[in-house]
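Could you build the full structure based on these sequences and the hints that come with them?
Here is what each chain is made of, one letter per residue.
There are 2 protein chains.
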Amino acid sequence: MTISRTLPALAERRRFYRLALRLAARSRRAILRRIARGFERSLKADATLVTEADFEAELALRTGIRQAFPDHGILGEEFPPLHPEADFQWILDPIDGTLSFTHGIPFFGTILALHYRGRPLVGVIDHPGLGLCYGAGLGLGAWRNGQRLRIRDARVPDLEREVISAGDRSRFVQCRSGAAFDTLVRRHPHVRGYTDCIGHTLAAEGKIGAVVDYGVRPWDIAATRLLVEEAGGRYVCAYHGRQDGQPLYGIIAGKPTVVRWLLTIFRSPRHTRG
Amino acid sequence: MTISRTLPALAERRRFYRLALRLAARSRRAILRRIARGFERSLKADATLVTEADFEAELALRTGIRQAFPDHGILGEEFPPLHPEADFQWILDPIDGTLSFTHGIPFFGTILALHYRGRPLVGVIDHPGLGLCYGAGLGLGAWRNGQRLRIRDARVPDLEREVISAGDRSRFVQCRSGAAFDTLVRRHPHVRGYTDCIGHTLAAEGKIGAVVDYGVRPWDIAATRLLVEEAGGRYVCAYHGRQDGQPLYGIIAGKPTVVRWLLTIFRSPRHTRG
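Chains A and B, in that order, give the protein sequences.
The first sequence begins at 1 in this note's numbering and counts up one residue at a time.
The second sequence begins at 1 in this note's numbering and counts up one residue at a time.
No lab work stands behind these hints, which were simulated from the structure alone.
Take the hints with a grain of salt, since some may be wrong.
Since the list can't tell identical chains apart, any single copy or any two copies may satisfy a pair.
Computed cross-link-like contacts, DMTMM-like style, restricted to lysine to aspartate or glutamate with a CA-CA straight-line distance of at most 25 angstroms [stated by the list, open to error]:
(1) K44 with D158
(2) K44 with E160
(3) K44 with D71
(4) K44 with E78
(5) K44 with D182
Now the structure itself:
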């Protein structure tokens, strides 16, 4: 292993983590200002919604990253990639859950993460509408508004009292099959649709047993693995091909026992460790 | 029509409304105190969860009502009915969404309503975990934290961009059939599981297109009709028989166009105006 393949040291990861929290605060201010001023929504080429808030928040993040680390790469949802060959890559989704955002439902969030040669070092999900910021650093733990997160695993007899969050059925159809969704809602009494990043943060807190999220892009899940694993949970990711030039994934994350149970009922060889 | 059948005058309804808001604040304080102190959960005879917070909040509400109106009836989830023959009936659910509450998911709420001879005069849903209080009085409008709510109806071409909230599939099975749930999640791309009263308040705000909620008891829906109708929405309620001595209902409420579309896809003669 060459020196360039070694992971950045703890002190450096801590520095990245603190920057990520400052960036999240910056993007949060941009989003809250835009909510106060009002915004227009428009349709992107792929028929998904976008607003001025998406652009303003991503610009705020990009500016902050380029000031601090001009040679780091940036992969964001709204602008072309920067330095795609760099070892350090910031992955950004300024507003995950645009449908919620444009409807005034406060369950959207800003996702940002720093990966080093594909390995996540720092992950942050910020919910401006809820005043909640979740962050994790590799070896640094997972935190919510400065409070340490520790997932307590579920016991098998209590499985049916756990809440499982799943995205829309159409997302299952996109990646697997509607049958997987239908099996899940028949087998488990509490399947809730806390979609987008709110499902990921509820899983990292251990408030829900697990989140199942299909049809997600790299930026949708860029922070989730670290948040869940650093909190003591299990994260499983499967690759489901490419769409519009971007890879498409499905994830299952949360309490280890609940994730194991979900893998059993889905029984799919395509689910591999992320 | 005799004098006793006339509805209380506007000034009196306003007085009831103000009391309901004060009661909600009282119950909110009891719940937040209990969250700070910690609580035990236990199973009731019907296998649903209950905590000390449920009892303390309902006691706070009952005490306040009896001080103000000793002859009013009270129907609450946790204690036996008081003056069940009275014209004025307060209907209480101290913690709707106990599963969310015990898991630390902030989407639970306190429901209270005053009905006069079966007709709702006042309805309040308070979310202590979100700092949001929704209230409506007959002819007094619907409000969130003092801000007037006005639902803007959806246009038919935009239907598929509306979010529809539906409870767990098991609740559809209880009242109608799993097929109704399966049809809904196949026909509509954005079905989210904002169950319990959070779905009702999101509908009253017009943030979601509509909420579909089956297997609900009188206290679960006691405030919803007024909140939605006073905000300019449509509310439809169907009776689905009795269980454990209490009637069971299904409701569809929200933007008129979305409610109409849902009634069409369910095509059930059992859905009648509430």
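When no copy is named, should K44 and E78 be tagged within, between, both, or neither for a Cα gap of at most 25 angstroms?
within (10 angstroms within a copy, 51 angstroms between copies)
Since the copies are identical, ignore which copy is meant and state whether K44 and D182 lie within 25 angstroms (CA to CA) inside a copy, between copies, both or neither.
Neither way: K44 and D182 sit 30 angstroms apart in one copy and 30 angstroms across, limit 25 angstroms.
Is it within a copy, between copies, both, or neither that the alpha carbon of K44 lies no farther than 25 angstroms from that of D158?
This pair counts as between: shortest inter-copy Cα distance 16 angstroms, intra-copy 44 angstroms.
Can you give me the call for K44 and D71, within, between, both or neither, at a CA distance of at most 25 angstroms?
neither (29 angstroms within a copy, 60 angstroms between copies)
Homo-oligomer pair classification [E160, K44; C-alpha up to 25 angstroms]:
Between copies only: 16 angstroms across chains, 40 angstroms inside a chain, cut-off 25 angstroms.
Comparing the model with each earlier hint shows violations of hints 3, 5; every other hint is respected.
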